[in-house]
Amino acid sequence: MLKKYLTYSLLLCSMLCCTSCFEILEEINMHKDGSGSMLVTFNMSKSKTKLASIMMLDSINGYKVPSEDEINEALKDVINHLEKTEGISNIKKTKDFENYIFTVACDFKNVESINGIFKELIDKQNRNGGTKFTTKNFSFNGATNTFNRYFTYDDSIKKSFYHLKREDRKVFEEASLTAIYRFEDPVKSVSNQKAKVSPNKKAVMLKVDAMAFIMGEQSLANKIQLSK
Amino acid sequence: MRKLLLIASTVCITLTATAQDLATKIPSTATAVVTLKGKRITDLVSVEEFSNSKLGEMIGKELAKESDEKVNNLEEMGLALDQNFYYFLEMDKGVFNNCFLIPLKNSQGLLNLMGNSQRERIITENGLSYFQDDYDGSVVLWDNSTLLVLFAKDTSNDYDFYDDYGYNDYGNDNYGDALETPTPAVVEEEVEIETIVEEAAEEVAIDAESEIVEETVIDIEEVVIESTEPTDNYYNDYYNSEEYKKQEAAREKRRLEREAKRAEKRKKLAEATLQRAKTIIAGNYTQGNILKNAGYVKTIGNGQDEAVAWVDDFGSIYKDAMMGSYYGAMNPYNFMDMDKLYGGFSISAKLNFEKDHASVKTIYSMNDELADIYRPMYQGKFNSNFAKYINEDRLLGYWSINMSTEGLLTSYPQLMDAVFKTEGEKNYGDVVALGTQLFSLLLDEKATAEIVRGDMLLVLNNLSEREVTYTDYEYDEDYNYKEVVKTKTETVPDFLFMFSSEQKSLFDRLVRIGLREKELQAIGGIYQIVSLPQSSPFDIYVMFKDNTAFVGSSKKDMMAISNGTFASKLSSTHKRNMKKNVTSLFVNGKKIVAEIPVDSYPSELRNKVSFLTNNTEDVYFNFEKIKGNTMKGEMIWNTPEEGHKNSFAYFINMINRLME
Numbered sequence: 000m001l002k003k004y005l006t007y008s009l010l011l012c013s014m015l016c017c018t019s020c021f022e023i024l025e026e027i028n029m030h031k032d033g034s035g036s037m038l039v040t041f042n043m044s045k046s047k048t049k050l051a052s053i054m055m056l057d058s059i060n061g062y063k064v065p066s067e068d069e070i071n072e073a074l075k076d077v078i079n080h081l082e083k084t085e086g087i088s089n090i091k092k093t094k095d096f097e098n099y100i101f102t103v104a105c106d107f108k109n110v111e112s113i114n115g116i117f118k119e120l121i122d123k124q125n126r127n128g129g130t131k132f133t134t135k136n137f138s139f140n141g142a143t144n145t146f147n148r149y150f151t152y153d154d155s156i157k158k159s160f161y162h163l164k165r166e167d168r169k170v171f172e173e174a175s176l177t178a179i180y181r182f183e184d185p186v187k188s189v190s191n192q193k194a195k196v197s198p199n200k201k202a203v204m205l206k207v208d209a210m211a212f213i214m215g216e217q218s219l220a221n222k223i224q225l226s227k
Numbered sequence: 000m001r002k003l004l005l006i007a008s009t010v011c012i013t014l015t016a017t018a019q020d021l022a023t024k025i026p027s028t029a030t031a032v033v034t035l036k037g038k039r040i041t042d043l044v045s046v047e048e049f050s051n052s053k054l055g056e057m058i059g060k061e062l063a064k065e066s067d068e069k070v071n072n073l074e075e076m077g078l079a080l081d082q083n084f085y086y087f088l089e090m091d092k093g094v095f096n097n098c099f100l101i102p103l104k105n106s107q108g109l110l111n112l113m114g115n116s117q118r119e120r121i122i123t124e125n126g127l128s129y130f131q132d133d134y135d136g137s138v139v140l141w142d143n144s145t146l147l148v149l150f151a152k153d154t155s156n157d158y159d160f161y162d163d164y165g166y167n168d169y170g171n172d173n174y175g176d177a178l179e180t181p182t183p184a185v186v187e188e189e190v191e192i193e194t195i196v197e198e199a200a201e202e203v204a205i206d207a208e209s210e211i212v213e214e215t216v217i218d219i220e221e222v223v224i225e226s227t228e229p230t231d232n233y234y235n236d237y238y239n240s241e242e243y244k245k246q247e248a249a250r251e252k253r254r255l256e257r258e259a260k261r262a263e264k265r266k267k268l269a270e271a272t273l274q275r276a277k278t279i280i281a282g283n284y285t286q287g288n289i290l291k292n293a294g295y296v297k298t299i300g301n302g303q304d305e306a307v308a309w310v311d312d313f314g315s316i317y318k319d320a321m322m323g324s325y326y327g328a329m330n331p332y333n334f335m336d337m338d339k340l341y342g343g344f345s346i347s348a349k350l351n352f353e354k355d356h357a358s359v360k361t362i363y364s365m366n367d368e369l370a371d372i373y374r375p376m377y378q379g380k381f382n383s384n385f386a387k388y389i390n391e392d393r394l395l396g397y398w399s400i401n402m403s404t405e406g407l408l409t410s411y412p413q414l415m416d417a418v419f420k421t422e423g424e425k426n427y428g429d430v431v432a433l434g435t436q437l438f439s440l441l442l443d444e445k446a447t448a449e450i451v452r453g454d455m456l457l458v459l460n461n462l463s464e465r466e467v468t469y470t471d472y473e474y475d476e477d478y479n480y481k482e483v484v485k486t487k488t489e490t491v492p493d494f495l496f497m498f499s500s501e502q503k504s505l506f507d508r509l510v511r512i513g514l515r516e517k518e519l520q521a522i523g524g525i526y527q528i529v530s531l532p533q534s535s536p537f538d539i540y541v542m543f544k545d546n547t548a549f550v551g552s553s554k555k556d557m558m559a560i561s562n563g564t565f566a567s568k569l570s571s572t573h574k575r576n577m578k579k580n581v582t583s584l585f586v587n588g589k590k591i592v593a594e595i596p597v598d599s600y601p602s603e604l605r606n607k608v609s610f611l612t613n614n615t616e617d618v619y620f621n622f623e624k625i626k627g628n629t630m631k632g633e634m635i636w637n638t639p640e641e642g643h644k645n646s647f648a649y650f651i652n653m654i655n656r657l658m659e
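From first to last, the protein sequence lines are chains A and B. Start counting the first sequence at 0; every next residue gets the next number (numbering that gives the first Met the number 0). Start counting the second sequence at 0; every next residue gets the next number (numbering that gives the first Met the number 0).
Extracted from the complex, chain B is given alone in its bound form:
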């Protein structure tokens, strides 16, 4: 019996919790949803801890200022910070509804934040309170447990803007009818002016003396000014004519009609927005709420993230936005099949604060056709030799790219062919297809891929000191000065850039030309570029070895690579990241912060360098190859465990320290 009661009460609590969650107020048709999980965030850093932080105190001060000290911290705002906060976007026939759903403990905090004039505008009906902006119709509506803010934008007929504001109106009138008589006279005057100007200009051309030129120019100006007087009268007559007054009255009538039309449109949108806000807060949808949407539910998963963003079918958002935003020929939907690019394209992103790292994971899903086109571009083969030329002990960071030049060159024309329509009134499909075919015929994709295969790696190693010259002045005792060349040391990282190539013969030929033109200098198997400007922060060396082209700034490293004596050391994690991802970025935060000379920091940070060194860890960014029709990206920011109870607390602590 006790067990039965326990189960029953658990079910009740779960149901209550679910019912309270504001996700139930989001329609299943929402196109994008952002969820901020208050409970998880406040478990990481409590509201009290946050309020006592420098950032929290700053927010508290601002709140106190805004509310005449009725609200002094986040807690007093009346928000239920331990519940989920939501933003969602829904679209209906070109109307974009942007809605924020905020859980409340009570509405008093909210009222305390409002000024008197704002409070006077509050309308209360059926347990709901709200006010609405007169101009844009946005609604702020709340009950005891939920605050809803809704902004609506009607983009369905944005191109009516020109009509709304009468930009085309002046084209409707026939100006020629207004006044006919003076026209021939004006023409005669114009002819006269032209003749005089031409004559004067001829005189100018004949006489080259500058003074005479000046006088002549003045003459011309005078003639022009005198001759324009009858033209002014013509315009005055025109503006005083009965015909003009009639046209002006008609224009004014049309303007008032347009204004009434605009006001009517705004009113309708405002009414619809208010009605929608009431529907949302009630949450009774015939098609169910967002928890019935399989795509959203799958994205939310087991709910272990601090924040989740989900965008469903990017194509439909793009289409709704574009259809209304561009008019006529400018609208890409007229000649491009944007559905091919964005149709079925969805994005989800998850933010996580773990004990020792924070991460943002993104998943892009695309339609099958696009995935088939993109896949060959990302089918790069990473040169495992690259790893032989990295020493992790000296590593500041790297950036690898693992793409296929051949795949890129073959897929790109296919993408163009797919995107440009061959049907409809405006179509460039055949022209584009012709261009892409010519491109493919002229370019030998395989041969191009032999020069640059598509896999490359940039490695930054230890910071090294380099002497650079600069010009200064030395003064004698009478303050006569002479320029002197002085030297100073600057700290720059050594870099090594590698890319795979099968065209050694091309490299050799370039080197021979470089040596002959004295642009290069041979130094024991490597070549130094000698024509770099003095101000270059690096010396640059190049070489080719084992189907790899090298460009580097460290003579020592380049020589060691050439001699086969380079001492390599690289963890399997880094090797795997470079190999399996389309692009991989690694920043050795601690080492960089520790090695940058203190003088190079902004003055306000110089006394915090030791804190920064102890509290900066590695950052990774990886973007995976296409699997099925999805691509995954991940950014990981490692954080130290010592001194910080979790990675969210770490960021609050860092802000605290940097604000000191």
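So that you can see chain A by itself, here it is in the shape it has in the complex:
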């Protein structure tokens, strides 16, 4: 009783005042031959005080709060899935429950291998949810030296967002998605106006606010033309 009495009281205190947000970072280093490495980072450290409080509960706002063990299991599933995906190797993961930062990194033979990672998942979503998300997220054409990041907006994103409780939507207010792509050849042009090309022309960065992404106002889609 004493523990519950304290847990709920302290949780109430921290929930009252702490803010919550997260950042997703997608980083790809491309080689000339189309192979490369990828790193995905899920950084929730700005919300760590709130998350530490939430982790004390079994569920919040009707959602089950995963335990550390369950998060570890989920990460293990991700790694297992990557291991089974053709063309993916050198898989590494990091987890930091102090700061709530999780990363997964891997090498790929070609960008088709990255498409393979999500294909099954996206197919399933399209089948069950009636959505039209493209299963091809990346392409690299060595002949034209063009790198493409595909993304087709679907209204279901907005609908899912509005299905959330008003309080839960707050999580996305200060969240962001950042994509960084690095190349060996210099970048000639980018199609996404929000994307920035580095002074040495070898890297492109695109930062999108989660809310703008959800509302379909900003996209991760980008066509990057490299010099031959």
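Each hint should be verified, as a subset may be incorrect.
Beta-carbon label-pair distances, calculated as ranges [what the hints assert, rightly or not]:
#1 A:THR151 <-> B:SER116: 41 to 47 Å
#2 B:GLU353 <-> A:LYS193: 55 to 61 Å
#3 B:GLU516 <-> A:ILE23: 36 to 42 Å
#4 A:SER155 <-> B:LYS626: 57 to 63 Å
#5 A:GLU216 <-> B:ASN606: 20 to 26 Å
#6 B:LYS387 <-> A:ASP167: 41 to 47 Å
#7 B:GLY524 <-> A:ASN71: 38 to 44 Å
#8 A:THR151 <-> B:VAL597: 36 to 42 Å
Which residues of chain A face chain B? A few of them, derived with a C-beta cut under 7 Å, are [as the list claims (entries may be wrong)]:
#9 SER44
#10 LYS45
#11 THR48
#12 GLU97
#13 ASN98
#14 ILE100
#15 ILE179
#16 SER197
#17 PRO198
#18 ASN199
#19 ALA202
#20 MET204
Keep in mind that the hints were calculated from the coordinates and are not lab data. The C-beta atom is built at its ideal place from N, Cα and C for all residues, glycine as well.
Please arrange chain B on chain A, whose structure you already have, making use of the hints.
Then chain B, alone, in the frame of chain A:
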């Protein structure tokens, strides 16, 4: 003479008013009654005022949509909003009747709300109009002054559900008789399959090469598929057999019989419901109406509340509901004497909207035996020292608990002993009694109570800013990034938690271990827990003083308590609430709303913070100790007088403003 006339007319008016009140239509045997006093509510906020509020306008729009704009506001619904509305529950041999009684000015508004198809179903007889749902038999019945809605549920034989839907039917047939010849062959086939699978599995075990494993597994699958073919034929033969067809015909016959039985039950319930609805609206009961029920009349009292809920003898409701809902061993009535828990247990709740506060007062009455068991649990002695460590000027809220650990540990086994039966076919009474005796023997209640006496207090003080670190990324011009640790300020309240304990030596021992294991750090008489995760929203300090253990997040406050320099200030109201109640909760609404940083509010509320600050007051919740065999609870929501003519108007105004 004039005086006589005045008295006579007053009596007549009172009688008419009483006769019109729909309470006269509630039988005296009703188990639960909820009363909503329209007159009192419309005196607080008139129908016109409500209709002009944002909520009223929203309801108006919905009504207009539903009625093709024939009804555009509450007034046009034809309800007599200045009279009492009722809900009551009555039970008869497992049938639960849920009935709503709504006063009408006229029935036209009601008709306007109905669609054509609904109107066509209306039956009119003897000045009553009604329609009845074909499936569940619920009745909507009205005359010129009363609308009655009655839902009935027969729970007396819920366990017949399995029989009703034939879940047990398939167990009645003897499948073995259907087809005897193929059985030995199937057994042989199965043996063969098993042997092949075992052999293949042995091969797999011998060869560890993964490719070979794959091939072998495929082989096994193939063998299994081939070998199942004769089994399929067996099933086809079975389903085509004369015996099976005979059984199927018998099952179909039984299904039709069950369906007819169900339809008959539904019909009888529907007829009884309609008959009951007519009896209720007539209100002629041989045993009199609810105003003859002493328990209800006592609860209603002088009638100064806006709404009253009353539940009589919770035990009988529970018993009626449980007897029908659970079948066999699952029914707790088989091994527990639920009457001991709920017998004679009644609840009443009253809602009041006063000028400067709204309140909900509840009274729980229990049987004497249960009261005797519960009483020691709530005989806590509140540590008056706790009040020395509160400063009201900084107080955001508190939560006190005043129970007796010793009483809890001695009463709980008694409660278990009383509840579990020692008689009847299913009884766990002796086993439970053995367990509770062992529990009492092994546990020294007095010694345990010395560690945690049972009185405790959590205090939330001023919000304070705390710097927390987080990881961000810094990018160079080529978008190579490195992780950087940044800081931001978060606002969290300081808390102080206190509980009485006579075991200082135990605390000292824990502190010595903590210091040795470097889990604690000594800071001038207090100890900081140093092993907290970085993400903890608080620093936490502990100490022990004057038979009180302290856990707090403010180093300054903890040091002041340790040095005896804490500046305390607490009103006698708060002291009394903590001391006389089993639990007491206080929320300093105005201070909390004012101190939470604007950024922490949902974006849609940020421009309303000043309105919220000016319009939020304190909230209290108190739950008293057992007196006799009753316990009383009370929630008080204080409301500002300025800008609101009463507390009900306050809530309407708040909704108005928040909907903007």
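Evaluation of the provided hints:
1. A:THR151 <-> B:SER116: 41 to 47 Å: Holds, at about 45 Å.
2. B:GLU353 <-> A:LYS193: 55 to 61 Å: 57 Å, holds
3. B:GLU516 <-> A:ILE23: 36 to 42 Å: 39 Å, holds
4. A:SER155 <-> B:LYS626: 57 to 63 Å: With a Cβ separation near 59 Å, A:SER155 and B:LYS626 satisfy 57 to 63 Å, so the hint holds.
5. A:GLU216 <-> B:ASN606: 20 to 26 Å: 23 Å, holds
6. B:LYS387 <-> A:ASP167: 41 to 47 Å: 42 Å, holds
7. B:GLY524 <-> A:ASN71: 38 to 44 Å: 41 Å, holds
8. A:THR151 <-> B:VAL597: 36 to 42 Å: 38 Å, holds
9. SER44: 4 Å, holds
10. LYS45: Hint on A:LYS45: holds, closest Cβ of chain B at ~5 Å, below 7 Å.
11. THR48: With Cβ-Cβ at 4 Å, under 7 Å, it holds.
12. GLU97: Holds - the Cβ of A:GLU97 comes within 7 Å of chain B, reaching about 5 Å at its closest.
13. ASN98: 5 Å, holds
14. ILE100: Status holds, d = 6 Å.
15. ILE179: 5 Å, holds
16. SER197: 5 Å, holds
17. PRO198: Interface hint status for A:PRO198: holds (5 Å vs cutoff 7 Å).
18. ASN199: 5 Å, holds
19. ALA202: 4 Å, holds
20. MET204: 5 Å, holds
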